[in-house]
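*Asks:* Sequence:
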Amino acid sequence: MDSVENVESTYSGNDVEEEVQEFWKRQEIYRKAKERRSGNRAYFFVDGPPYTTGYIHLGTAWNKILKDCILRYRRLQGLDVLDRAGYDMHGLPIEVKVEHRLGFRTKKEIEAFGIEPFIEECRQFALKNKDVMSDQFRRLGVWLDFEDAYQTLAPEYIEAAWWTLKRADEKRVLEQGYRVVNWCPRCETAIADAEVEYEDVSDPSIFVKFPLKGKEDEYLVIWTTTPWTLPANVAVAVNPQFVYARVAATKEGDEEILWMADDLVDQVLRKGRYSDFRILSKVLGSEMSGMEYLSPLAMRVPRQKKIPHRVVMADFVAMENTGIVHIAPGHGWEDYVLGLKEGLEVFCPVDESGHFTDEGGAYAGRDVHEVNGLVIADLGDHLLARGEIVHRYGHCWRCKTPIIYRATQQWFLRVSELRERMLEEIERVRWFPEWAGSARFHDWVKEARDWCISRQRYWGIPIPIWQCRSCHSYTVFGTLAELSEASGTEVRDPHRPYVDRITVPCRCGGTMERVQDIFDVWFDSAVASWATLRFPARREEFERLWPADFITEGQDQTRGWFYSQLGASIIAFDRSPYRSVLMHGFALDAEGRKMSKSLGNMVTPEEIISKFGADVLRLYVLSANAPWDDLKFNLEGVRTIHRTLNVLWNVYRFPLPYMILDRFSPPAMTEGVWDCMAMAKELPRLPEEDRWILSRTASLVREVEGYMESCELHRATRAIMHFILEDLSRWYIQLIRSRMWLEEDVPEKGQAYRTIYYVLRYLALLMGPITPYLAEKMYMNLKMAHDPESVHMLDWMRPDEAFLDPVLEEDMEVVRQFDDAVAAARQTARRKLRWPVAECIVSTGDPIVRRAIARLNRICTCRANSRRVILADSPWEGLGWRAIAQMKTIGPAFGKDAPRVKEAIERADGKVLREVLAGDGATEVHVGDTAVRIGPAHVAFDEVLPEGFTSANMKNATVYVDARLTPELEGEGYAREVIRRLQEMRRQLNLSVEDFILADVEIDDPRVSSLVNDGWREAIMREVRARSLKILPAGSDIMSLSSHELQQEWDVDDILMRTGISRSASPS
RNA sequence: GGGCCCGUAGCAUAGCCAGGUGGUGCGCCCGGCUGAUAACCGGGAGGUCAUGAGUUCGAAUCUCAUCGGGCCCA
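Quick note on this note's numbering: the first sequence kicks off at 1 and runs consecutively.
Hint data in this document are derived by calculation from the structure and do not stem from the laboratory. Computed from a predicted model, the values in this text were never measured in an experiment. Please note that a few of the clues may not be correct.
[As the list claims (entries may be wrong)] Computed cross-link-like contacts, BS3-like style, restricted to lysine-lysine with a CA-CA straight-line distance of at most 27 angstroms:
1) Lys-271 with Lys-282
2) Lys-305 with Lys-213
3) Lys-128 with Lys-400
4) Lys-215 with Lys-282
5) Lys-215 with Lys-306
6) Lys-955 with Lys-832
7) Lys-271 with Lys-213
8) Lys-271 with Lys-306
9) Lys-108 with Lys-97
10) Lys-341 with Lys-213
11) Lys-215 with Lys-171
12) Lys-128 with Lys-107
13) Lys-341 with Lys-305
14) Lys-271 with Lys-215
15) Lys-108 with Lys-400
16) Lys-215 with Lys-251
17) Lys-681 with Lys-632
18) Lys-611 with Lys-832
19) Lys-213 with Lys-128
20) Lys-632 with Lys-611
21) Lys-271 with Lys-251
22) Lys-25 with Lys-128
23) Lys-107 with Lys-97
24) Lys-888 with Lys-911
Hey, can you work out the whole structure from these sequences and the hints?
*Replies:* If you want it as structure tokens, here you go:
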């Protein structure tokens, strides 16, 4: 494998990414990876289109990373993945941005500027941002088709929306109606429920007296936070179930009669500062039906004089405020519905811009917010109380203007009629997590209201309805061709204002013109699943692929894209447009708060990438938590991930120099193609640690597969990281280091090369979907000449069953615990790992521990740096015991002799006493001249370690370490101290692995010097690759030291050592 | 006010569905290793499992209520 190269000593995500990006681009890897799967079983993914506002935030990045990870995985599995990216490019947000840029504040300014130049500005804005965002996504390593992204502004896309509306009309769910809608007075348009954002605001909170018709000083008391809607009042509602009181209330000597809910009398009158009251009578709400009253604003709003105000029944009236609700069907949804039921007049004296019309009488021309104050003033004595209230109020999602409710003429889709079908379809979809569908989405759809799809704006898909000026009949055009044919005009660009100019002759002889409205922008993305297949212009792909196999978006899209798509799809095809959905969480800051510009806690993907690289960001967001939980961004967590990838980098580069030195070549099937099956053949001959890591690898692949199937990406990534850190870095690599250093060409070295090569190839494959750059970089260096060009072109391979060895994995786990226990026992003994010990005893009754320690004894001995590792029963017979008198039982039993019994017990040989008690159950001790009988209850025993031993516990066993030194052990200990210093100096001279040196050592202790020299000189020379070495007591040969290139002094456990080394000139 | 989700050491997370000794990582303290080396490893301290009540022999886990956070709605 002469292609393997050494790599930089530290992992730099950005360097790797730059190189890999360059490779992908030069070799057109993305195209090739797709082509490789072309024609295979299809996997149809639909990208939820981000809105083209120009920057991506952490949540957007997370969203695309999730998509990319899953799609890369599917592609490795051989599926032909349809991965067209998409962009949402119409709508109010862009209009608002462009308005800001042009300095406009009203629609009139836009009209004056001209719709044509205005929408062209919008188009340019969207197109530019689309490209910026695509570049940002690419940098994240996201492989979606950005070249051919679907764009909601494209004519073919617009056609899909038109076609869908035509279906709605055919199915008779399209309706034109006069209804109350959310209205933004700044944007002068209806907005959808989904476009309303709720924020806390302070509003007036007023209690108003409505005079009863034909009565003197008798009133119904209502409460409202929108005084400006009082000029449009036509009724009040009471709850038929509630008890209402007729109260005589006194204030400043005057008495008046007030009606309100009985339970609320106290608090209302307190607010109105009444000094006294008495209840005259009580009635049920239902009995108040039909009572008539007058508007207190009749003098200001002439229209009010003609309105027959009355009391109506409504179940939605709550026991709050006064229990009587002011009803203005022109300005409230519930009011409007109630009005329909009761046949109330819909009075709406407010225009598009939120100003009162002439019908508003004294308020004509005034803004609603201004009218709030005027109304309060005009109410005069009819104002019972006033205050301020902070409550949630709806605002326009784009311009943040408080919305108002207005009754207007709009186009609707009667979604409420489709509710049952939608609920049925939800159950057929596979949801991740399950409750996203069964609970959350289900509950939302259950409440679904009709969808107002018309907007009185410019930048959007024009509603393809042409209506006759004379007879008012209308036609919905489903395609551009239909429109061309009917109008005799070629449709170049189906946007406003171009399509507005097209007229169609009506059957009645009149002329049809397009209705002025454009679509709600949510309707654009609602048709994405077929628009992205270029339906209806093309049918073949639609027939073959639709509905989508998978989509994934944030939890906010429950009411957004999950919903709009389902609604549109039920209308168009009567079935769900997606088969499975992963609902992911929101990106929050480290405190769990929403990221927002105003809070200043935004974290941009760029800042993370520039510091750590895209792979680190990817692995972080994928592993930090379950996809459906909110992501609490934590920089420390990102750093930890970076460290993990650095460990992977070290693991990967560790064997490379040795492989290069030995000209290692992986087993090949045919010339230059790796034979991944070869490993299985030599499996029985491999050392245990190799078979173990191969088993772990096989287990890991299975584990990852399972987690990927259930979208548990956090578990998949954590399993991989655990493997890298625990199994590979902290264990396997440690076990095979010495095998890598072997000079001779021995079989176990080749086996180690082949094994680690195999593991790294698999790891690169597994990590392809997660860290596509690093995986590619590893693969580029490891692959053989005729292997697939890219790690992303490999086929998912599941290792042979034969590799799985659960017993071996279990045994190795025991050994790792043993290893930890030995380290702990050594720490107690203050015996460094470098120093050998004579013996480790594993005392246990557990058959698994016994099996493991026996079978993997070679590894135990080596890891423990012990001459022997042996098994012993539990408790270990080498232990001593100290008898401890149990005064709780001795006291009552022996009375005043107790202290002397205690003394006798503790004087006895604990070990003997214990054996006797265990055997006979009782024995005698001598107290003075008499012998007394004692039993097990009177004595407890403490372990006593033999001199020089320490111990530590592991699971189901105790490890005893004999840390006593012998001259032989001491010699090796010091020898290893010498080796370590000479190696350190080699490093300082920057020598490479194969260089030789000349070395000399002076030890300031004649005994130690001769111990090391006599037994270990040759071994030291071998280890440090020395051609010559003198080991002498201090002062014997200073000249030899001073001649060296590098000299150093060391303090080794209070013994002074001087060392000197030089490069050996002779070639190796 | 309603629906869904979340709350476990300084921080982040596992365990919860199927009740029985609360794991892990980072950080911190102490030590080790040194041919992966501006790395790596071991040990230790650190927890009212948000709060309160209930079910149970036994609750982080099941139930209810409350508090805090998130998304969505009214």
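*Asks:* Does each hint fit the structure? Answer for all of them.
*Replies:* Hint check:
1. Lys-271 with Lys-282: 21 angstroms, holds
2. Lys-305 with Lys-213: 12 angstroms, holds
3. Lys-128 with Lys-400: It holds: about 25 angstroms lies between the C-alpha atoms, which stays within 27 angstroms.
4. Lys-215 with Lys-282: 18 angstroms, holds
5. Lys-215 with Lys-306: Holds, at about 18 angstroms.
6. Lys-955 with Lys-832: 23 angstroms, holds
7. Lys-271 with Lys-213: 25 angstroms, holds
8. Lys-271 with Lys-306: Violated. Lys-271 to Lys-306 sits at ~32 angstroms, over the 27 angstroms cutoff.
9. Lys-108 with Lys-97: Roughly 16 angstroms between the alpha carbons, so the hint for Lys-108 and Lys-97 holds.
10. Lys-341 with Lys-213: 23 angstroms, holds
11. Lys-215 with Lys-171: 53 angstroms, violated
12. Lys-128 with Lys-107: 24 angstroms, holds
13. Lys-341 with Lys-305: 23 angstroms, holds
14. Lys-271 with Lys-215: 24 angstroms, holds
15. Lys-108 with Lys-400: It holds: about 20 angstroms lies between the C-alpha atoms, which stays within 27 angstroms.
16. Lys-215 with Lys-251: Status holds; Cα separation ~19 angstroms.
17. Lys-681 with Lys-632: The hint is violated at about 47 angstroms.
18. Lys-611 with Lys-832: 38 angstroms, violated
19. Lys-213 with Lys-128: 64 angstroms, violated
20. Lys-632 with Lys-611: Roughly 19 angstroms between the alpha carbons, so the hint for Lys-632 and Lys-611 holds.
21. Lys-271 with Lys-251: 12 angstroms, holds
22. Lys-25 with Lys-128: Status holds; Cα separation ~22 angstroms.
23. Lys-107 with Lys-97: Holds, at roughly 14 angstroms.
24. Lys-888 with Lys-911: Roughly 22 angstroms between the alpha carbons, so the hint for Lys-888 and Lys-911 holds.
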